[in-house]
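Order-wise, the sequence lines are chains A and B.
Just so we're aligned, residue 18 is where the first sequence starts under the working numbering, counting upward by one.
Just so we're aligned, residue 18 is where the second sequence starts under the working numbering, counting upward by one.
Derived from the structure by calculation, the hints contain no laboratory data.
Some clues are possibly wrong.
No distinction is drawn between identical chains; accordingly, a pair holds when it is met within one copy or between any pair of copies.
[What the hints assert, rightly or not] Here are the simulated lysine-lysine pairs, DSSO-like style, with alpha carbons at most 30 Å apart:
(1) K128 <-> K184
(2) K158 <-> K30
(3) K30 <-> K110
(4) K196 <-> K64
(5) K196 <-> K110
(6) K19 <-> K158
(7) K128 <-> K30
(8) K19 <-> K110
(9) K196 <-> K19
(10) K184 <-> K196
(11) K128 <-> K38
(12) K19 <-> K98
(13) K64 <-> K30
(14) K19 <-> K38
(15) K146 <-> K38
(16) K57 <-> K30
(17) K184 <-> K57
(18) K19 <-> K64
(19) K30 <-> K146
(20) K128 <-> K98
(21) K146 <-> K98
2 protein chains.
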Amino acid sequence: MKLLEDRILRDGKIGEGNVLKVDNFLNHCIDVGFLDELGKEFYRLFKDSGINKILTIEASGIGIACLTARHFGCPVVFAKKTKTNNIYADVYKGRVESYTHGTSYEIVVSKEFLLPGDRVLIIDDFLAKGSALMGLLGLIKDAGAEAVGAGIVIEKAYQPGGETVRKTGLRVESLARIKSMSRETGIVFCD
Amino acid sequence: MKLLEDRILRDGKIGEGNVLKVDNFLNHCIDVGFLDELGKEFYRLFKDSGINKILTIEASGIGIACLTARHFGCPVVFAKKTKTNNIYADVYKGRVESYTHGTSYEIVVSKEFLLPGDRVLIIDDFLAKGSALMGLLGLIKDAGAEAVGAGIVIEKAYQPGGETVRKTGLRVESLARIKSMSRETGIVFCD
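One chain only, chain A, in its complex shape (with noise of 0.2 Å):
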């Protein structure tokens, strides 16, 4: 999607460790209007696979998945990084590997919100090495529903999250690919 490769371009930041920051935009600091505009691509791309929910994972998915819950008039479930006690119904729970953070944490969702017979989108907004899209695929299989696809803002594609998760038959499409990034020679997407 142009329009998001020439944002990134424009805003994004590669720090540390060649990770990119684009918390002017999308993970700290959120342009609503141009996630809508992102959410509005995402409908367009799913809009035709009966989806009647969007799983996200707290805190940076929850922000691009309510502008793109809103073109496909469904509800938002995001799935919770630690237990807390006011959740007291049942909960489905996996294990997610934050390699930014070097740490793991799991993840949990109430089981009344994820039902057998749901057709379910996971938005998120980065993949790169898969570890919370694997986590979120589990609790969907848990629940009995069907995971229909997953949209993603920004995919890493020289990590091997997109490979990993696609080899499971999941659909997923990433609004702008990433084929290299380095300070020196600066970011390039896939073609």
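Knowing the structure of chain A, use the given hints to seat chain B on it.
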């Protein structure tokens, strides 16, 4: 706001420790169309205040903040609950007590996203003891920005947060104000 009070009466549950659970439409499963209506109401209340930025706190504030910001045509900045190693710019910091979880945590906002001259509307899902709101007010003050008001979805008016915050002179608008709540007597709203 009658629409919201009716929804709380219909879908809210009072859990252990007198916690109000509204996670089937507000903060775990998000009814995006409904929150869009709440956002429209915040816009009606604050549209003449010259707001150019909405500030909230992860994770449960992000959905309602984004769906409110659409009406204002302004960005959302969300305070993060832990320092992450991919925020490199300097940050404003505060500390928030979480009474629900019996802990406290640090909140941070990158200095580049709160600027002197910003006219900031705080949006959050709950107001109870006011710790999160006071923490966010501190960040705004540290930045030399102006807090124009706070838009709260549900205020527990029997807890002291609303009074504490209003005493600072801040305009606080809560769409539903709960006067009392218990499993025995149910939920009673302020007039």
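Verification of the supplied hints:
| no. | hint | verdict |
| --- | --- | --- |
| 1 | K128 <-> K184 | within (27 Å within a copy, 41 Å between copies) |
| 2 | K158 <-> K30 | between (36 Å within a copy, 28 Å between copies) |
| 3 | K30 <-> K110 | between (34 Å within a copy, 23 Å between copies) |
| 4 | K196 <-> K64 | within (27 Å within a copy, 43 Å between copies) |
| 5 | K196 <-> K110 | neither (33 Å within a copy, 36 Å between copies) |
| 6 | K19 <-> K158 | neither (34 Å within a copy, 38 Å between copies) |
| 7 | K128 <-> K30 | between (39 Å within a copy, 16 Å between copies) |
| 8 | K19 <-> K110 | neither (37 Å within a copy, 36 Å between copies) |
| 9 | K196 <-> K19 | within (15 Å within a copy, 51 Å between copies) |
| 10 | K184 <-> K196 | within (19 Å within a copy, 54 Å between copies) |
| 11 | K128 <-> K38 | between (34 Å within a copy, 15 Å between copies) |
| 12 | K19 <-> K98 | neither (32 Å within a copy, 33 Å between copies) |
| 13 | K64 <-> K30 | neither (32 Å within a copy, 34 Å between copies) |
| 14 | K19 <-> K38 | within (18 Å within a copy, 42 Å between copies) |
| 15 | K146 <-> K38 | within (17 Å within a copy, 34 Å between copies) |
| 16 | K57 <-> K30 | within (25 Å within a copy, 34 Å between copies) |
| 17 | K184 <-> K57 | within (26 Å within a copy, 43 Å between copies) |
| 18 | K19 <-> K64 | within (20 Å within a copy, 33 Å between copies) |
| 19 | K30 <-> K146 | within (20 Å within a copy, 38 Å between copies) |
| 20 | K128 <-> K98 | both (15 Å within a copy, 26 Å between copies) |
| 21 | K146 <-> K98 | both (18 Å within a copy, 24 Å between copies) |
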